[in-house]
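Quick note, the sequences are listed as chains F and C, same order.
Here my numbering is used: the first residue of the first sequence is 1, the next is one more, and so on.
Here my numbering is used: the first residue of the second sequence is 1, the next is one more, and so on.
Hints in this document: simulated from the structure, not taken from any laboratory.
Predicted, not measured: the structure shown is a model, and the values here were computed from it.
Certain hints may be false.
Identical copies go unnamed one by one, so any copy, or any two together, can satisfy a pair.
Straight line, CA to CA, 30 Å or less: simulated DSSO-like cross-link-like pairs of lysine-lysine [as the list claims (entries may be wrong)]: (1) K54 - K345; (2) K261 - K227; (3) K23 - K415; (4) K356 - K169; (5) K148 - K227; (6) K256 - K227; (7) K83 - K355; (8) K54 - K78; (9) K256 - K415; (10) K345 - K227; (11) K106 - K19; (12) K223 - K261; (13) K241 - K189; (14) K256 - K19.
What follows is each chain in one-letter form.
2 protein chains.
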Amino acid sequence: MRFELTRDFLNELEEAIVKNDIKWIEESIFNLHVADIASVIDELDNQSANFIYKLLDEERQADVLIELDEDIREDLLKTFSTKEIARQLENLDSDDAADVIAELPKDKVEEVISHITDDEAAEDIVDLLNYDEDSAGGLMQKEFIKAKLDWPVNRCVVELRRQAENVEKVFTIYVVDNDDRLVGFLSLKSLLFASPNTKISDLFQDRNMISVKTNDDSEEVAKIMEKYDLVSVPVVDLQNKLVGRITIDDVVDVIKEEADKDFQMASGISEMVEASDSIWRISRARMPWLLIGMLGGILGAQVISGFEGGISEVPALAFFIPLITAMGGNVGVQSSAIVVQSLAKGNDQFGSILKKILKESLVGIVNGLVLSIIIYGIGHAFESPVLGIVVSLSLFTVMLFAAIFGTLIPLLLDKYNIDPALATGPFITTLNDVLGLFIYLTIGVLLYGI
Amino acid sequence: MRFELTRDFLNELEEAIVKNDIKWIEESIFNLHVADIASVIDELDNQSANFIYKLLDEERQADVLIELDEDIREDLLKTFSTKEIARQLENLDSDDAADVIAELPKDKVEEVISHITDDEAAEDIVDLLNYDEDSAGGLMQKEFIKAKLDWPVNRCVVELRRQAENVEKVFTIYVVDNDDRLVGFLSLKSLLFASPNTKISDLFQDRNMISVKTNDDSEEVAKIMEKYDLVSVPVVDLQNKLVGRITIDDVVDVIKEEADKDFQMASGISEMVEASDSIWRISRARMPWLLIGMLGGILGAQVISGFEGGISEVPALAFFIPLITAMGGNVGVQSSAIVVQSLAKGNDQFGSILKKILKESLVGIVNGLVLSIIIYGIGHAFESPVLGIVVSLSLFTVMLFAAIFGTLIPLLLDKYNIDPALATGPFITTLNDVLGLFIYLTIGVLLYGI
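Given the sequences, and given the hints that come with them, work out the whole structure.
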């Protein structure tokens, strides 16, 4: 049975909180999965969230804590002493504990760490705090299971039993040599079926051992786990010593965040923001693109003002200005979106640029032909056959140019190691606007013989 | 050591193929991970791809096959007899085998299945072909490990050994009752540490058992696995009988595809296309949005033609037409992107619509104020203080309206169960273009007293 959060459920819960109906709350909340409890608490006001949270036992508190929205978690933790926070962190995996600590106000961090009674755990957390949050080191956890090459299977099982207490999900056992260097891996399955005296060195696999380095970028880690279909990947330091592991659930979050960032960038938002962020933060994140858009508009005004005489003679030329700019923008964004996506996937990285531009040009020609035939009739109806020809001819030209620029610019950006996702969104639109206006008005002035 | 595909490596390989230097090929290719071999073959021409592929042993052929790009796989399979294809499928997991079969030409499907010698495998594949490819049934595989409630641990280990031969990655053991109904699960770890005579019924967990139904949508499956941090999820039929499992690697693909689709939709591409698709297919996928954009442009022309007299008197009014339409479009897309993302995540689903619109309006006012002050100076410089006031006032108004519509439209679409991602891209841009033009020219005509 999966839990479905509804408005009705929230109403009932809020009522139960007001009436202090602990029994109802225990029956309806305490059997839920921690992720569901967190999703309920996310929807409550501060005070109710606090009330429910404090009813949970300590271990579940920790599990719920890590599932909460960042701002709700921040509010909750403010109501705890540093000692209480430390106790909750002890129930978390090292990577989650480090993430929570990294969110705390700077002056509290040291105090919280000093209250962690398990020295090894405290050390792990301090170590993890050193890594950049967008690196493999920032993603990894210190909980993993390792076996030494010269162990027999029965010793391995005994050691595992000891280690496994701290490791919630065991996927793979990493095999190290006497210097703690990663040499291979072992599936739990093969251990389960091996005879007790077999040596690990006769059982482990080293072919196709995939690992990442602590300073690898988190996007790179995501790409590797995706490519090789891994559920966990060991992390080694520069000397190839095993220092941690990254599990797929954390990487799924990286993939989602990456997709969100691309989507926002394509929509003209320059920083990662969420709907719940402050008005200032949201405004600031949008400003750069709006400024680029406005600069484009000013350049456009400059182009049109160069044709002021023409427009005052044939005002009908102004009618199709928005059509030309809009279509140039749309075609440019479409072309660049395909290129950006194919670059992000690493597809066809060795295909020639010329071939891609040729293909996009052909698409531009096909669609341009269809639309310019339609628009001829409409331009004709608006004013005269001349206007029809002007609009039709320039629409076709603009679409062709937009397709070429939309393909070329992201490819060039990528060549110079600039994120090609910058190319979609207002940047390409703006360029095509200005170019489109120039083409349109030039053709207009020429054909009208002004 | 991770393999890095380079242009140099491809050149060397192509040379080796021409020289028939099997030794070099074996040394440099055969030790690679199957995913890397596939990425090499993806970059080769048909004939070379075929040559390399046929050098691999049968098991690796199958593993490489499933990692290849769809069109490369299609070309390769054309060179095999139905019997040979069947042999390769036998080395694949049932879900992968079903995926490959689903890509074959219809007239070959039956023949291939008839050549599969393992009857059980053939049955599994035929069963999987019945499910919609975007459902849990279409994602699941028939390879999983199950244990019965009344087994003792030692019987379970023996049975597992038998079952595990077919199951490449074991994450969780599913526990069923005598009617094959899913009742809970068991970690491999707990089995490893349990004493041989313990009953499964004393060992298994049923709390927080998450499963999906065969007809659940694949996006829903992805959301569930993400929310509950699962690496695999059991699939049950309508009677709660265990019929398959879905592993996280397949779901990662769903998440990526979903993100690609959203990105393309925001960029005005209506069908999932890839850079490698045919020119016709790409052209067709882009046409709907271009038609909407053109319709918007025609409506814009209609609006401007209503002000023809004003423009012929003050042609400078035409200068800022592109600026007004571009800014309305940009603001609208930004606002809608945030709403669409927050809807997709299911965040804040119970917040009021009015509150969201108020917030977006405030962001619009902040950015509108800053930009309209700048543009006043520029309009003034272009022609006169009056033009400065006209552009400044209308820019502010347009940005405010665009923010409101950008928020409102995706929320409304979502309310009526239409994908709100439709709202970003040309749709909102077009609406704001037309509205913006009307506001701008009306203010212009009024302030110029035309």
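query: Okay, which hints does this one fail, numbers in order?
result: As far as the earlier hints go, 3, 4, 7, 11, 14 are violated by this structure, in ascending order.
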